[in-house]
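4 protein chains.
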Amino acid sequence: MTVRLLITGGTFDKVYDELTGKLYFRDTHIHEMLRLGRCRLDLKIRTIMMADSLEMTDSDREVILRNCEKAEEERIVITHGTDTMPETAAVLGKVIKDKTVVLTGAMIPYAFGSSDGLFNLGSALSFVQALPHGVYIAMNGRIFTWDNVRKNRQIGVFEALT
Amino acid sequence: MTVRLLITGGTFDKVYDELTGKLYFRDTHIHEMLRLGRCRLDLKIRTIMMADSLEMTDSDREVILRNCEKAEEERIVITHGTDTMPETAAVLGKVIKDKTVVLTGAMIPYAFGSSDGLFNLGSALSFVQALPHGVYIAMNGRIFTWDNVRKNRQIGVFEALT
Amino acid sequence: MTVRLLITGGTFDKVYDELTGKLYFRDTHIHEMLRLGRCRLDLKIRTIMMADSLEMTDSDREVILRNCEKAEEERIVITHGTDTMPETAAVLGKVIKDKTVVLTGAMIPYAFGSSDGLFNLGSALSFVQALPHGVYIAMNGRIFTWDNVRKNRQIGVFEALT
Amino acid sequence: MTVRLLITGGTFDKVYDELTGKLYFRDTHIHEMLRLGRCRLDLKIRTIMMADSLEMTDSDREVILRNCEKAEEERIVITHGTDTMPETAAVLGKVIKDKTVVLTGAMIPYAFGSSDGLFNLGSALSFVQALPHGVYIAMNGRIFTWDNVRKNRQIGVFEALT
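Protein sequence lines, in the order shown, are assigned to chains B, Y, A and V.
The opening residue of the first sequence carries number 0 in numbering that gives the first Met the number 0; numbering runs sequentially from there.
The opening residue of the second sequence carries number 0 in numbering that gives the first Met the number 0; numbering runs sequentially from there.
The opening residue of the third sequence carries number 0 in numbering that gives the first Met the number 0; numbering runs sequentially from there.
The opening residue of the fourth sequence carries number 0 in numbering that gives the first Met the number 0; numbering runs sequentially from there.
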C-alpha cells in the first residue's frame, strides 16, 4: 500500500530564525520525523506549499484539492496548519468521495522539543491506512469527519460539533 | 470510545541510571507522552508489569492475556518490548476474538531524544480505534496481524512473514 | 563561593504559545537548566524582569545596575537578551569595578531542543568564578570585556571590536 | 587563543544500539555539541580513544599524558568518563606544570535529551581559558584541582576532599 503525503506547511514546519527572533518556514521536517519514527511505509511525499494556515486563500485550497484529485494513490495524508484545518477539510470533503484523506498538524513546531507533531504524524499515517473513503482530521489522538469538527481556540484542541 | 492502555515495560520505558551507567525501569513515560501528544482520548491506563521482553515468561504472557480478557473495553493498546512482541501477540491472538488489541513498543527508549516511541504510540492508538476485532502489532508506521509478523533483528524492523 | 544569578528575560526564556502561535515569556527555565547541568554551585537566583532586550529601556538598565550594586555577592551572572546585551554591559561596566559580572543569553529559546542556552549558562557560571573584577559578556564559548564587544547581527555571533 | 580538545570517550559519547539494546561508542558528539553551542573558539580537536573510563588502563592514561605533553597549545580540555576522571587527573597533574588542562564529562550520554554534557562542555571550555596553569576537573558547575577531588558515587557528584 502506497500513501501520498502532501506538505502544506503549518506550525509543524516552523523554525526559529535566530537572526530575527521570528518563526518562519524553511524546509519540511517530515523526512526527519519519518526517520525518527522508523517509518517503513511506502510513501510518496510532495511539498505543495509552505503556508501559515491563517494566510491560506481559496486558491491555495484549490491547489490542495487538485493535488488530492490527481494523486494516483487512494490514501492521502496532508500536513496543515491547525487554525484553518477544518476549512480545508470541508473544501476537500465536499468533493472527494473515492479516497481516504487525513489532515493533521501540530500545536507546537516540530523543532521544539515538546511538539505533538511526531505523535500526530504516527496517528494520521495509521488512520489513513485503516479508514474507509472520506475526508478526516486526526488530532489529539482522535479522528473527526470533515463535516463534524472544529478547533476550539480557547483551549487549543479539536472537538466534534455534535 | 474508551481505550484500555496496558503497560508491560520494554525499551519504551527504560531510563539511564547515572550512578551505575545501566539502563533500567523506573516509572512509565506513557503519561508524559500522552501529554506531549495532546491526546484527548478517553483512556484507562494500567501498568501490569515492567519487564524486559527478552525476560518475559509464559506466566507473564498469561497475565497479559488475563488483563485483556477481563478488560471491559473493546479496544486495547499494549506497550511491550520489541524482542518478543510477536510471541506475546501470538498468545493473545489465538484466544481473543471479540476485541481489537494492538501491541506497540520502541526501538529506542523514550527518554532518549531520538526515540520512535511517540510516533508508535500515536500509531497504535489510532489503529486500535479503526481496525476490526483481532490482535495486531503496530510498528514502523505499519500494521501486522499477529499470525503474520516477525521482528527482523538484523535490521531492527518488523516485517510480514509472507 | 556564592554566585548571584539575575534573570532579565531574553530569548533564553521565551516559550511558544500554542493558542496564538507567538513567542512569549512565562517563567524562567533557569532552574530546569541548572538541574540538567547537575549544577552544585551555591547560587542566589532572582528574576528582576522578563524583557525582550530590544524593548529594554534606560530605566530597565538602571534596575539591573542597582541589583548588581546592592548584591552582597562579589560574582554575578546575568541572563539577558542578545540584541542589546552590549548596551547593558556598557551601563554596568562604567560603574561596577569591584565585582565580576558576566552577561550571557541564547540565540535560540531554551524550550527549543536546539538551544545554545545550556552551553552558554555553563560557560558564564564558569567564567564568573575564574575572572578578575570587571564586566564581561560570555557568548559563543568566548569571553569579551564590556568595552570591546558587539553583536554581529548579520551572522548572529558576538565579536570583539578590535 | 587556541584550545586543544582531546576526546577519550566516557558517558558523553555513548549511544544506544537499537539492535542489541546496549550502550556503546560510535563517533564523538563533540562536533554537534559545539555547533549547538555556537562555539566560535579556535579549537584543535583530536579523538585519542573511545573508552569506558572503568576500563581505562595505566597505558591508556600514558597515552593521554603524552598527548597533553606534545600538544603545542597551552590550554587543553579532555572529555573523559566520570568514574575514573580523578585518577587520570592525578596522572596528569603530577607531571604537567606549564599548561592549563581541564577534564570534564557527563553523567548522562549526550544522545539522551537530559544530558548534562552541553553544560559541562561550556563550563570546561570557559575555565580552561581563564585559569592559571594546572590540572583541573570541571563538573557540576564547579572547578576542582586534581589533588583535591573525588567522585561521590553514592550521589553521583564531584566534591572536594577537604
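Check the hints yourself; a few may be wrong.
Any copy, or any two copies together, can satisfy a pair, since identical chains are not distinguished.
[To be verified] Computed cross-link-like contacts, SDA-like style, restricted to lysine to any residue with a CA-CA straight-line distance of at most 20 Å:
| no. | residue 1 | residue 2 |
| --- | --- | --- |
| 1 | K150 | R34 |
| 2 | K21 | D82 |
| 3 | K150 | D97 |
| 4 | K98 | L160 |
| 5 | K69 | L35 |
| 6 | K21 | M0 |
| 7 | K43 | D16 |
| 8 | K21 | A159 |
| 9 | K43 | K150 |
| 10 | K150 | E17 |
| 11 | K21 | K150 |
| 12 | K43 | V14 |
| 13 | K69 | E158 |
| 14 | K69 | K150 |
| 15 | K69 | S113 |
Read the hints as simulated data drawn from the structure, not as lab findings.
Note that the coordinates shown come from a computational prediction; the quantities given were computed from them, not determined experimentally.
Results of checking the hints against the structure:
Taking CA atoms no more than 20 Å apart as the test, K150 paired with R34 passes between copies only; the shortest distance there is 18 Å, against 29 Å inside one copy. For the identical chains of this complex, K21 and D82 are neighbours both inside a copy (19 Å) and across copies (13 Å), given an alpha-carbon limit of 20 Å. Taking identical chains as interchangeable, the C-alpha atoms of K150 and D97 are never at most 20 Å apart, the minima being 26 Å within one chain and 34 Å between chains. In this homomeric assembly, K98 and L160 never come within 20 Å of each other (Cα to Cα): the closest approach is 23 Å inside a single copy and 29 Å across copies.
Within a single copy, K69 and L35 get their C-alpha atoms no closer than 29 Å, and across copies no closer than 35 Å, so neither meets the 20 Å cut-off. In this assembly of identical chains, K21 and M0 lie within 20 Å of each other by CA distance neither inside one copy nor across copies; the values are 40 Å within and 34 Å between. With identical chains, the CA atoms of K43 and D16 are never at most 20 Å apart, being 29 Å at best within one copy and 29 Å at best between copies. In this assembly of identical chains, K21 and A159 lie within 20 Å of each other by CA distance neither inside one copy nor across copies; the values are 33 Å within and 26 Å between.
Taking CA atoms no more than 20 Å apart as the test, K43 paired with K150 passes in neither setting, with 28 Å inside one copy and 25 Å between copies. For the identical chains of this complex, K150 and E17 are inter-copy neighbours only, at 12 Å across copies versus 30 Å inside a copy, given an alpha-carbon limit of 20 Å. For a Cα distance limit of 20 Å, the shortest separation of K21 from K150 across copies, 18 Å, qualifies, whereas the shortest one inside one copy, 25 Å, does not. In this assembly of identical chains, K43 and V14 lie within 20 Å of each other by CA distance neither inside one copy nor across copies; the values are 24 Å within and 31 Å between.
With identical chains, the CA atoms of K69 and E158 are never at most 20 Å apart, being 30 Å at best within one copy and 31 Å at best between copies. Taking CA atoms no more than 20 Å apart as the test, K69 paired with K150 passes in neither setting, with 28 Å inside one copy and 36 Å between copies. For the identical chains of this complex, K69 and S113 are neighbours neither inside a copy (35 Å) nor across copies (35 Å), given an alpha-carbon limit of 20 Å.
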